[in-house]
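Engineer: Protein chains in written order, with my numbering: chain A, 1 to 352; chain B, 1 to 352.
Possibly wrong hints are sitting among the right ones.
No copy labels: a pair is met if it fits in one copy or bridges any two.
Straight-line C-alpha distance at most 35 Å; calculated DSBU-like pairs for lysine-lysine [as the list claims (entries may be wrong)]:
#, residue 1, residue 2
1, 303, 228
2, 228, 23
3, 113, 352
4, 255, 196
Note that these hints are calculated values from the structure, not bench results.
Protein chains: 2
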Amino acid sequence: MKAFEKNIRRVEPYVPGEQPQRKVIKLNTNENPYPPAPGVWKAMQEMDPDRLRLYPDPTAESLVDALAEFYGVGRDQVFVGVGSDDVLSMCFLTFFNSEKPIFFPDITYSFYKVWAELYRIPYECQKLDEDFKIVKEDYYRENGGVIFPNPNAPTAIYEDLDFVEDILMHNQDVIVIVDEAYIDFAGRSALELIDKYENLIVVQTFSKARSMAGMRIGYAISNPKLIKYLNDAKYSFNSYTMNQTSLLYGVEAVKDREYFEETVQKIVDTREWAKGELAKLGFEFPDSRANFIFATHPNYDAKELFEALKKHDIYVRFWGSERIEQYLRITVGTKEEMQILFDFLREYINNK
Amino acid sequence: MKAFEKNIRRVEPYVPGEQPQRKVIKLNTNENPYPPAPGVWKAMQEMDPDRLRLYPDPTAESLVDALAEFYGVGRDQVFVGVGSDDVLSMCFLTFFNSEKPIFFPDITYSFYKVWAELYRIPYECQKLDEDFKIVKEDYYRENGGVIFPNPNAPTAIYEDLDFVEDILMHNQDVIVIVDEAYIDFAGRSALELIDKYENLIVVQTFSKARSMAGMRIGYAISNPKLIKYLNDAKYSFNSYTMNQTSLLYGVEAVKDREYFEETVQKIVDTREWAKGELAKLGFEFPDSRANFIFATHPNYDAKELFEALKKHDIYVRFWGSERIEQYLRITVGTKEEMQILFDFLREYINNK
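Make the full structure from the sequences, and use the hints.
Structural biologist: This is the structure in structure tokens:
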């Protein structure tokens, strides 16, 4: 090893789902099967290219204002970043500086562990129960902070607001982050609790319900004090994270509430129908409240099925890691895409 | 103070130059006065909006390939990020983990200090000499890493390749980063040295010579080993940092070498003319090799002049910090913009 290599930080990187370049049935990264709101298309056409030569507004004011209006909060209660990954990573860096371990579920969004290790934050994973449900009592012990997704990923299980509030009530001395990437497909948001618990941060994204995974926009909503700390940290990294197109298209995507609600409803309808189809085929899964279904089949090996699907250009997600080695995460696509999936599964099962 | 505030990381954020929303003569943030390459305009018009719903390619392959081809290096030698700020910040986190202080100039890009403090990296500033020049011998002592811009900012002074190589020769056991945001306006790049020094990282940006400050694209070029470490760190933060529009427009901006060279030449020509005009008005400045001029006037207070300019909708940059309290940084705009500036300065001087 060369001397200059001695002080290089080595990390085990997160491995994202594949982004195949060919045309496939892509049910592996929880993208929205429908395009962004029509206003986004229009903004693309009408954007003045000269705008690209200028630095974007570092405060992202236009986008912050649009979100504040949509959610009925103050503009000083909204923080935006390059996808909710950027927002969450900033939250870890800013808020989790205790000597005590932060708590999150053992089966959850795998980036939590990566950030904790990157920033050298002590952490302790709390085991989901046999039905993959969060055991809220596990979060009542002393800790350095709490984070969990609701609905949880990749289980798709949603816990109601009373459950979330129980965790908050028992954790008023630390920051609690509720990661709501999939909340629009699920039910009531913890946003209802932000005035009541000033240690609560709710993180959401444009990648799922707003059909803009490709634009990388995420946001946190909390009280003005915590949002200010987040902005200070962000300005220390990179003042201009949101580029001109993200700002412009982001505003258009937020403005169109009707399109947003319609799109979400279509996906929820497809999901409910897909649950029935999967059940008919003998699959088992926790009740999904997200835009994906976390399914297993008692008679077929998940890895083999994953490979077979892939061979037929149907991409789903498979991890093969502890406790979930027999599970596949299947994104809810269009009804047509799901039909192709079910046709394949039916044949697969009949021929085995 | 609430208990949950105890473990919040508090940082002194970097304060970026103003981004006025009104139409002004904007010579305060070193943006390019010319629009991006025509291919970028075309890509904007032709982009399929459906692409926005999909996650971008986390490896940013298309953009990496375009840069590798442009600079004649391997695709495994290129790392891209959300502006050179993101790239540099990743470099600090990844490469500067020594107990010994990293070295950089006392008057330089002010983000270096911010990142060092954010990541708790010890650092030691080396004083520029009376003419604002880097004293290379100051960098020959033992250290934990070296970073300097060439041309330096905000002085605009360029040092030739022999000078850069002297620093490299004396620092083969640590990582040396040459921050070349302004190199295209200056002269030979340290890229010529990357095969010779495997501890060298060269960082450049699309914000200046490529007219894309608004898109937030920066890159590092080095040997495959160091680029891999950078990518590992990046994937730990956020796998998908470059959004779909950055990838698409970035490729178009790199492809058009002729437009790039023409634009740079126009700015260099304007700069050379502007130096003469400023000298005629009695200003003094180090010889600029960047797209800005760092100027002082023996008879007029910089802060007063800065305020007077601003009142007339001419924005330049002023810090008022130690050693440079009498200096203004003036971006080289179009010839027309500079003419308005000089007309104002002439009147200001005549009426004082």
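Engineer: Indicate, hint by hint, whether the structure satisfies it.
Structural biologist: Each hint tested on the structure:
no., hint, result
1, 303 - 228, "between (45 Å within a copy, 29 Å between copies)"
2, 228 - 23, "between (43 Å within a copy, 29 Å between copies)"
3, 113 - 352, "neither (38 Å within a copy, 63 Å between copies)"
4, 255 - 196, "within (27 Å within a copy, 53 Å between copies)"
Hint 3 alone, counting from the list given before, is not met by this structure.
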